[in-house]
Amino acid sequence: MSLLELEGINTGYGDFQALFDVSLVVEEGETFGVLGANGAGKSTLLKTVAGLLRSPSGQVRFEGKPIEHLPAQKRVTLGISLVPEGRRVFPSLTVHENLQVGAHGRRRGPWDLDRVYDVFPLLVKLKSKQASYLSGGEQQALAIGRALMSNPRLLLIDEVSLGLAPVVIRDLYEALGEVTGSGMTVVLVEQDIRQIMEVADRVSCLLEGRVVLEGPPRELTRGQITAAYFGVR
Amino acid sequence: MTWVNVVIQGVLLGGLYALYATGLSLVFGVMRLVNLAHGDLSIMGAFACLVLVGILDVNPLLSLVLVLPMIFVVGYLLQRLMLNFTLKGDDMRPLLATFGLSVIIQNGLLVGFSADSRGLDAGWIENASLSLGGGLAVGWFPLLTLVVAILVIVLLNSFLTRTRLGRAFRATSDDQEAARLMGIDNRHIYALAMGIALGIVALAGVFMGIRTTFTPGIGPARLIFAFEAVIMGGLGSSWGPWRVASHWAWPRRWASSSRRAGESS
Ligand SMILES: Nc1ncnc2c1ncn2[C@@H]1O[C@H](COP(=O)(O)OP(=O)(O)OP(=O)(O)O)[C@@H](O)[C@H]1O
Ligand SMILES: [Mg+2]
Numbered sequence: 001m002s003l004l005e006l007e008g009i010n011t012g013y014g015d016f017q018a019l020f021d022v023s024l025v026v027e028e029g030e031t032f033g034v035l036g037a038n039g040a041g042k043s044t045l046l047k048t049v050a051g052l053l054r055s056p057s058g059q060v061r062f063e064g065k066p067i068e069h070l071p072a073q074k075r076v077t078l079g080i081s082l083v084p085e086g087r088r089v090f091p092s093l094t095v096h097e098n099l100q101v102g103a104h105g106r107r108r109g110p111w112d113l114d115r116v117y118d119v120f121p122l123l124v125k126l127k128s129k130q131a132s133y134l135s136g137g138e139q140q141a142l143a144i145g146r147a148l149m150s151n152p153r154l155l156l157i158d159e160v161s162l163g164l165a166p167v168v169i170r171d172l173y174e175a176l177g178e179v180t181g182s183g184m185t186v187v188l189v190e191q192d193i194r195q196i197m198e199v200a201d202r203v204s205c206l207l208e209g210r211v212v213l214e215g216p217p218r219e220l221t222r223g224q225i226t227a228a229y230f231g232v233r
Numbered sequence: 234m235t236w237v238n239v240v241i242q243g244v245l246l247g248g249l250y251a252l253y254a255t256g257l258s259l260v261f262g263v264m265r266l267v268n269l270a271h272g273d274l275s276i277m278g279a280f281a282c283l284v285l286v287g288i289l290d291v292n293p294l295l296s297l298v299l300v301l302p303m304i305f306v307v308g309y310l311l312q313r314l315m316l317n318f319t320l321k322g323d324d325m326r327p328l329l330a331t332f333g334l335s336v337i338i339q340n341g342l343l344v345g346f347s348a349d350s351r352g353l354d355a356g357w358i359e360n361a362s363l364s365l366g367g368g369l370a371v372g373w374f375p376l377l378t379l380v381v382a383i384l385v386i387v388l389l390n391s392f393l394t395r396t397r398l399g400r401a402f403r404a405t406s407d408d409q410e411a412a413r414l415m416g417i418d419n420r421h422i423y424a425l426a427m428g429i430a431l432g433i434v435a436l437a438g439v440f441m442g443i444r445t446t447f448t449p450g451i452g453p454a455r456l457i458f459a460f461e462a463v464i465m466g467g468l469g470s471s472w473g474p475w476r477v478a479s480h481w482a483w484p485r486r487w488a489s490s491s492r493r494a495g496e497s498s
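Chains as they are written, first to last, in my numbering: chain A, 1 to 233; chain B, 234 to 498.
Calculated from the structure, these hints are not laboratory results.
Worth double-checking, as some hints may not be accurate.
[To be verified] Using C-beta positions, here's what the derived DEER-type ranges look like:
#1 S391/B <-> P56/A: 40 to 48 Å
#2 L329/B <-> Y133/A: 33 to 41 Å
#3 Y13/A <-> V284/B: 34 to 42 Å
[What the hints assert, rightly or not] Negatives, chain A to chain B, calculated, CB over 10 Å:
#4 V25
#5 E28
#6 V76
#7 T77
#8 L93
#9 R194
#10 E198
#11 G223
#12 I225
None of these values were measured; they are calculated from a predicted model.
Ideal Cβ placement from N, Cα and C applies to all residues, glycine included.
Take the sequences, apply the hints, and build the full model.
Right, dumping it as structure tokens:
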């Protein structure tokens with residue numbers, strides 16, 4: 001049984017359909033990459049898994065059970081956690097409080113405040129700082145740490161590198177290495193192709209709401225990826 | 234010494250306005266909902282107290298032990314079963330819904346209790362006063378009002394900053410979608426906030442009912458106090474409204490003390 005299975009997903013916004021018949025499977029323990037140009041539907045896909053958006057048809061199964069009827073807050077308690085695009089830390093709360101709120105669902109597991117501070121040591125000295133004053137990189141670290149506080153089985157991350165300097169991205173991916181190394185299943189959305197090819201066990205490429213390419217990075221050629229990314233043939 | 238007296242009375246009365254403002258501010262802060270029925274719900278609290286006092290024959294202050302939980306439940310259900318559904322879509326919907334609610338409550342109370350002025354009788358404490366010397370005196374009841382108001386605001390503040398649920402309130406206020414991603418049920422949080430807010434304004438309504446009289450139609454006037462204090466003091470801040478409320482109460486006290494008229498609020 002796979003950890004996450006999507007089947008025939010057609011999520012949209014009102015009259016606008018953003019995903020077309022998307023199906024994919026994420027296995028326990030793997031790091032799964034989702035690639036695609038701006039507007040391809042990557043964030044829409046993650047929000048559909050997290051429960052912020054619903055697909056009018058198709059199925060979302062987690063640990064083999066259908067979950068499409070569950071709201072986002074219930075899916076967290078099952079072990080699905082999303083690091084949303086743009087971080088979305090709670091600006092008026094301190095770093096420490098943000099992490100505490102991450103544990104609101106009281107799901108048991110290996111992640112707690114100590115472990116998060118361990119993986120993201122930069123957060124320690126920022127503990128009592130209000131989150132709105134953090135730099136982009138610090139906010140991203142906090143957003144990931146906060147998601148880990150819910151002890152997810154499936155961690156969804158939307159664009160780690162968005163607007164960050166290369167050294168900061170490197171540090172964040174190093175920390176993420178510790179997370180995936182612990183056996184956590186991660187779905188990573190990224191525009192930076194090189195980065196994701198390095199860390200993902202398998203990738204899937206979205207083009208205008210459709211899955212056009214899927215496979216382990218080493219089996220995909222540069223030409224295939226470029227074609228899938230930009231829609232050129 | 235008149236001005237000292239005015240300042241003292243202003244601070245004492247300010248506590249009451251601050252309670253109105255706190256309730257409004259909490260609801261707006263957590264769910265961006267402007268509750269136009271705020272004043273009427275506070276009057277409803279005062280009438281609930283009146284009824285209970287009639288049945289149980291107890292001091293209105295004691296009846297609060299029952300009135301407040303009752304109003305909390307009313308607030309919770311009101312939000313969960315009705316107002317939550319108005320929060321999706323444009324800002325007009327909650328305004329219209331609470332405006333309608335205000336009309337319904339006023340007319341409901343009018344049918345049930347007629348338009349007569351009512352008052353709550355808290356006994357000796359209403360008229361007893363503490364002499365401060367130099368011709369200054371403060372009433373025990375205004376003093377009690379002040380202490381209760383401070384207590385409510387301090388408790389609410391520590392609830393919001395120190396507890397798991399309080400943090401969930403603030404997180405929801407910052408970003409309800411991100412809060413849901415943390416496993417926080419925003420509909421439940423909204424309902425709790427409404428319950429707590431109405432408990433606070435019902436408390437204010439009862440204290441006001443002891444201090445002066447009330448009628449089914451006076452709610453909107455109470456709403457105005459809350460608005461003034463909240464807007465000048467800063468929405469979402471709990472001490473700001475207090476500061477403004479007491480400043481704002483001074484001219485009122487001044488006017489009423491120089492007219493030697495009765496309580497003007
Ligand atoms: N709230 C919204 N309302 C209407 N349309 C939306 C909304 N959010 C996204 N869309 C549309 O859905 C499509 C997919 O958007 P999505 O955000 O999933 O893309 P993305 O792959 O995450 O892009 P990016 O890399 O820029 O983040 C786009 O065409 C976008 O315009
Ligand atoms: Mg996106």
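Hints versus structure:
| no. | hint | in the structure |
| --- | --- | --- |
| 1 | S391/B <-> P56/A: 40 to 48 Å | 45 Å, holds |
| 2 | L329/B <-> Y133/A: 33 to 41 Å | 39 Å, holds |
| 3 | Y13/A <-> V284/B: 34 to 42 Å | 50 Å, violated |
| 4 | V25 | 23 Å, holds |
| 5 | E28 | 22 Å, holds |
| 6 | V76 | 4 Å, violated |
| 7 | T77 | 6 Å, violated |
| 8 | L93 | 6 Å, violated |
| 9 | R194 | 28 Å, holds |
| 10 | E198 | 27 Å, holds |
| 11 | G223 | 38 Å, holds |
| 12 | I225 | 30 Å, holds |
Against the hints set out earlier in the document, violations occur for numbers 3, 6, 7 and 8.
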